[in-house]
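There are 2 protein chains.
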Amino acid sequence: MSEKKIPYKIYIDENEMPNAWYNLRADMKVKPAPLMNPGTHKPMTAAELEGVFCSELVQQELDNTTRYIEIPQEIRDFYKMYRPSPLVRAYNLEKKLGTPAKIYYKFEGNNTSGSHKLNSAIAQAYYAKKQGLKGVTTETGAGQWGTALSMACAYLDLDCKVYMVKVSYEQKPFRREVMRTYGASVTPSPSMTTQVGRQILAENPNTTGSLGCAISEAVEAAVTNEGYRYVLGSVLNQVVLHQSVIGLESKIALDKYGEKPDIIIGCAGGGSNLGGLISPFMGEKLRGEADYEVIAVEPASCPSFTRGKFVYDFCDTGMICPLAKMYTLGSGFIPSADHAGGLRYHGMSPVLSQLYHDGYMKAVSVKQTDVFAAAEEFAKVEGILPAPESSHAIKVAIDEAIKCKETGEAKTILFGLSGTGYFDLVAYQNFNDGVMTNYVPSDEEIAQSLAKAPKID
Amino acid sequence: MSEKKIPYKIYIDENEMPNAWYNLRADMKVKPAPLMNPGTHKPMTAAELEGVFCSELVQQELDNTTRYIEIPQEIRDFYKMYRPSPLVRAYNLEKKLGTPAKIYYKFEGNNTSGSHKLNSAIAQAYYAKKQGLKGVTTETGAGQWGTALSMACAYLDLDCKVYMVKVSYEQKPFRREVMRTYGASVTPSPSMTTQVGRQILAENPNTTGSLGCAISEAVEAAVTNEGYRYVLGSVLNQVVLHQSVIGLESKIALDKYGEKPDIIIGCAGGGSNLGGLISPFMGEKLRGEADYEVIAVEPASCPSFTRGKFVYDFCDTGMICPLAKMYTLGSGFIPSADHAGGLRYHGMSPVLSQLYHDGYMKAVSVKQTDVFAAAEEFAKVEGILPAPESSHAIKVAIDEAIKCKETGEAKTILFGLSGTGYFDLVAYQNFNDGVMTNYVPSDEEIAQSLAKAPKID
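Quick mapping for you: the protein sequence lines, in order, are chains A and B.
If you're matching positions, the first sequence starts at 4 in my numbering and goes up one per residue.
If you're matching positions, the second sequence starts at 4 in my numbering and goes up one per residue.
Derived from the structure by calculation, the hints contain no laboratory data.
Owing to the predicted nature of the structure, the values given are computational and were not obtained by experimental measurement.
Do not rely on the hints blindly, as some may be mistaken.
A few chain A residues facing chain B, derived, Cβ under 10 angstroms [what the hints assert, rightly or not]:
1. Asn95
2. Ser116
3. Ala157
4. Thr184
5. Ala382
6. Lys383
7. Leu388
8. Met439
9. Tyr442
10. Pro444
For every residue, glycine included, the Cβ atom is placed at its ideal position computed from N, Cα and C.
Whenever a hint applies, use it, and build me the whole structure from the sequences.
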């Protein structure tokens, strides 16, 4: 253990930044199950996937064996504009809680997208540009991914079509305006611009939309427009790969001071932030070199890990995407409109799902009023106004730090502060006004949407 | 000149951060004129000022001779939560412009207030706390100062009453919500809660408010509430002192790489950001140790330097504050409601006013549509969505870099990127929709409001 005084913020140098992403799958004994063709129920081939995704991203998606994949120089140059992100020692939060625990957080909010999403957005946009495409299509929920992709596309001069979940589009007009400022077109989903959108609206004209539905529209727009491919900000293996930069930087920073986390905590929606944060640590755990307690935190209103099933399911409402084996609440599951912020996807990264299934990590679900209370406590002492998503991790980090206070254990806690809450002030206002509710789906609701999952083995 | 490769972002280490603020006045041959009592037209004494301001801040306000003033440890600890701020080499902007110029910007937006305002907010809140006060009152225009003060007060457990210029209060409901999240009370100004507010509303019921008016209300609230003092985010000498941390860090970072700016550019509203950025450089210039071209950039709709007069004037609409000798448009001047963002104060820091008067710096005014065009160009290549205020500096930095392209000169340009534009998306939307206008006040309008200035020497 080093005796060096640990600063509030540990920045690694630009030349210490990772040159390669770490591919967690290479160290998994049980690999994540392959994506399946929704028609044939057979594993998707690279050729099939290339109709939807860029070729090089398909290779990354299917690569379960290469441990390190080099980050192209152009992407590293872009990373240098907003990375390394700081690893912050939460001295003030520790003091406020009176805990013997040491709390660190990796803060990914110091860029205009306000979150970690930019790490994968620039990678996906880069490979699209390299392939000579005109543009990309995508969906966005809370708007962080859409903003990130708009920024990456503006930088590379690629066209960008974003389908934004209608409830977010209406609650977050400013998000739309940021994307527009970066030159993207933004359509509220479901929309009349796609066949799948028209069908969903015909069945349910008052729907506030869902990520699953927006994905269907974005995929349709990609396959029906010449020179476009679809990109996705979470769930996919390639996204966990790109996001490994979060964990790699965290580990380099901690190693500088001889620090090793006992507990690693991240919020989990589709798994991009959590998967990226834990990657190198989980790699050590899988290889038996170290042990870490890993905790995924999800909203009680969208509890894929804690109340979903580990089965093959559709990734989208329109059922046109490949099937993934994952913890899922059913592709028709839409969290109640009272649910604030992101983490609203019905499924979960197949990589994380397999690890959870195999006992390498835990999951807990938390109520959103508790999440916002933790967010405000954190904001007042640490300065940063956190995203509601990230605040799920804050809530559990505080809980663990309080447990340490009770037991007297000086554990080292690392959590992912994946983004800022500047665009979530309607939710903060509801919380401040005491009108925020805590919707929890019923067992029947979940069973009903799960019943539509395809029956595969 | 060092041969070290200059990274995209230069972070100085925590232990390299300044331990003292630099007091520019100590090196000025002609000191800024003293604040005057509005009743007697005699210089304000410390005792008189202490009715409005905290005692230790009064000392700092009046101290024209101490070159370095130590930053208390508690403030340095707070600074460590969000400082050092990065000094960014704008490689991508340089490339986009095809300029031989080297462009650097000091980015102060990486904190929840979204701007440099936190640097002085924590200092002023600290001295209020140290004096045993219950709380502080203030005004805010664009909302950055109010947010910063709310954050500082939440951290120190001080009460915080903010009077927010009505037009901003209405255009930026989220700003209000951030302040509320940090526990502040926020009142749109002019309001019925103060005598001066009631009087202004009686005379002009449809006013959208002004900084000058909000100042009057905040001062009245401070002097009529036991245990409260007034704090101000700009204009005052003490603010330029606290903000010197921006320039000091910039200089330390540049010195590491043997870099020396030829041109230093900052936006100027009340002068807090510009004054802070230029402080140590201007110190060298005043002492004859180095030369720098310093450019203040102001909006054409509120052109204090370029079209105002250098006279004693009221700092507030209600004419209850001390008088300051400064470049002013008259205390009744209210920029047109079409004017977006901050930089809407009728006056200017007495320190900067004196320096400008004595020929140590230049000033230019720019149209807001040009400012937003520069902002979007910058955002696309540098990633950061800039505040409209900061974009005034961007506009002129780009102009100077293009001049370098034309002349072939490889000048080094440093500008202040004082904040982010996340809360300014109504203005961006207007610009994107092509409905933003460029109001420029008439000579008559300025002459009319200047006619109300008190006649002193």
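Requested in this report: Please verify that hint: A/Met439, Cβ, nearest Cβ of chain B, below 10 angstroms or not.
Outcome: The hint is violated - A/Met439 has no Cβ within 10 angstroms of chain B, the shortest such distance being about 13 angstroms.
**Report entry** Hint check: 10 angstroms Cβ-Cβ cutoff, A/Thr184 to chain B
**Finding:** holds (5 angstroms)
Query raised in the report: Is the interface hint for A/Ser116 satisfied, with its Cβ closer than 10 angstroms to some Cβ of chain B?
Result: Since the shortest Cβ distance to chain B is 9 angstroms, the answer is holds.
Query - Interface hint for A/Leu388, Cβ within 10 angstroms of any Cβ on chain B - result: Holds. Min distance 4 angstroms.
Query raised in the report: Against chain B, with CB atoms and a cut of 10 angstroms, does the hint on A/Pro444 hold up?
Result: violated (28 angstroms)
Query raised in the report: Does the nearest C-beta of chain B fall within a distance shorter than 10 angstroms of the C-beta of A/Ala382?
Result: holds (6 angstroms)
Query raised in the report: Quick one, is the A/Lys383 hint okay against chain B at 10 angstroms, beta carbons?
Result: holds (4 angstroms)
Report task. Return the status of the interface hint for A/Tyr442: holds when the least beta-carbon distance to chain B is below 10 angstroms, violated otherwise. Result -> Because about 22 angstroms separates A/Tyr442 from the closest Cβ in chain B, which is outside the 10 angstroms limit, the hint is violated.
Report task. With a cut-off of 10 angstroms on the beta carbons, see whether A/Asn95 makes it to chain B. Result -> Where the cut-off is 10 angstroms and the nearest Cβ of chain B is about 7 angstroms from A/Asn95, the hint holds.
Requested in this report: Report holds or violated for the interface hint on A/Ala157, using the least CB-CB distance to chain B and a cut-off of 10 angstroms.
Outcome: Holds: closest Cβ of chain B sits about 4 angstroms from A/Ala157, inside 10 angstroms.
When each numbered hint is compared with the structure, violations occur for hints 8, 9, 10.
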